[in-house]
Amino acid sequence: MADAYELWDDEEYEPFDEDGALAGAGEPSIDDPFDTVDFPTLRNMPPEMNRSGMYTPERMGSAENAIRSLLDHNPARRAVLMSIVGWCADGCLTSELSRRVDELQQDNRSVYSPMTLCRMLERAGALVLELPEVSTKQEDPAHGVEYLEIKERIDPVWRSTPAGLSVRDELAQGLAFRDLVLEREKAYREVYRAVMGALDEAPRAKSYIDELVDAFPIVQHPRRFGGHFIDLLEYTDAIEWKGHAWHLTDLGREMLPAVRQDKED
Amino acid sequence: MCGKAVMEEGCVSDALETTEIVELMDMRARAYGMLARLYRVEVDDEALRELQSMRFPTATGNAAVDEGYRLLYRYLSSAWDDSITELAIDFVRTYIGHGVNGYSAAYPFESVYTSERRLMMQEARDDVLRTLRANNLKRGRWSEGEDHVALELEFMQRMALRTAEALREGGEEKAQQAVATQLEFAQNHLMNWLPMLTRDMKVFSRTAFYQGLAQLTMGYVEEDTALLAELLGA
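Chains as they are written, first to last, in this note's numbering: chain A, 2 to 266; chain B, 49 to 282.
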């Protein structure tokens, strides 16, 4: 075990050159471009400048509302966010969670790291972080000096809250799909039926869906393109992008009878 | 620990004592190197792992050093992957901050703390540059003012290494001169503004890590300056 003074033999970093040549540093400027004594500083910043998270139970009224708002404003991350909540239902180690998130997002890369996504869910009240107890036991005196040392890096556990699981269950039952696709987009039912039916047969590229949608007279006035239907179906978790094609999700497959039922009605 | 005036001419002939001083200088170089690294850039995964493999002395005899180690240990013992992001945020909050008035962060440049209008690239930077030139040093890839705390700490590291090297080669006079240079630099530069910088670090940082680093730096440089003075019999 190294002590504090046995670190940082940093051979790569070399701020000083020692070749005898002198630095060609320019003369320092004596200009004073700013006279900014009236600007506030962090020390005297008014409290309202300390921003808290956007989608928090405090701001949104409840954890459920905060989670729904978070999902509404991050439609491209809905699937992974809800998957995280599902994986953490019984607690999940950070290392395992990171691996699963990276795997899930391999066809849908995000600038958010797995832990950033978890922090977003934590702020919204969907997850809690459980840090393991850390032993602070003092080592036996070695060479007359007492030390503290860290045995290993901790691997905290993320656990879903009841609010997180409740919102996840709502979505898993297709509430958003029923509301948006079956109710608000009722006029386009036959288009959705065709798109979902085609995706049920096989994954399809966007160009295929565009052509399929264009064949329906109803999309001519007002003009609707394939992207509109893809957006709404993805937003309601009925389809997902994977392996360079759109796939019907399990939820989408579950919703198929409802779409077809309507035709029979 | 070496005895008083051990660096004075004629006193380094004792081989054991010379070896001790060489070890001491190497140890000082590593300590200054570690501190310089932590001020230079944010902690990355490799650095975090290194830090977590450290031992943290509990009773060094300097209260600031002990408190610094205690805070670092407290943070690092519960640090995990996400702590790298947290430390990066705190690094920016502590050393860069928001605002342009010169009072919004613990600015890591000596000029800010020693010039009347808290500006960079002032007299202190010129003086550090002169010291570097006088010691046949120049900045390599460094692209900021030479009075950055990381570079000043790195200067101490470099001079400690030179001292050890000179002693290994039997150059006692050269070693003594290098120690004198370090003492002068510590007194005229580091000790001149580190109390203010580390006080501001405690104001602006929010993690125990940077709070601890502030304490450790102040305590260590304070102790080291006294040690250098003792070595020279000053």
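None of these hints come from the bench; they were simulated from the model.
Please note that the accuracy of each hint is not assured.
Derived DEER-like restraints, expressed as beta-carbon distance ranges [what the hints assert, rightly or not]: (1) A:Asp73 - B:Pro243: 26 to 36 Å; (2) B:Val89 - A:His74: 41 to 51 Å; (3) B:Arg97 - A:Arg190: 55 to 65 Å; (4) B:Arg166 - A:Glu147: 37 to 47 Å; (5) B:Glu90 - A:Asp73: 29 to 39 Å; (6) A:Thr117 - B:Arg97: 45 to 55 Å; (7) B:Arg247 - A:Glu147: 22 to 32 Å.
Chain A side only, calculated, beta carbon under 8 Å to chain B, not exhaustive [unchecked claim]: (8) Pro16; (9) Phe17; (10) Leu94; (11) Leu132; (12) Val135; (13) Glu147; (14) Tyr148; (15) Glu150; (16) Ile151; (17) Arg154; (18) Ile155; (19) Asp156; (20) Pro157; (21) Thr250; (22) Leu252.
SDA-like mimics (lysine to any residue), calculated; alpha carbons at most 25 Å apart, straight line [to be verified]: (23) A:Lys152 - B:Thr108; (24) A:Lys152 - B:Trp128; (25) A:Lys152 - B:Tyr151; (26) A:Lys207 - A:Arg261.
Quantities reported herein were computed from a predicted structural model and do not represent experimental measurements.
Glycine included, C-beta positions come from ideal geometry on N, C-alpha and C.
Worksheet item: Are there hints from earlier that the structure breaks, and if so, what are their numbers?
Response: Violated hints: 1, 2, 6, 10, 21, 22, 25; rest satisfied.
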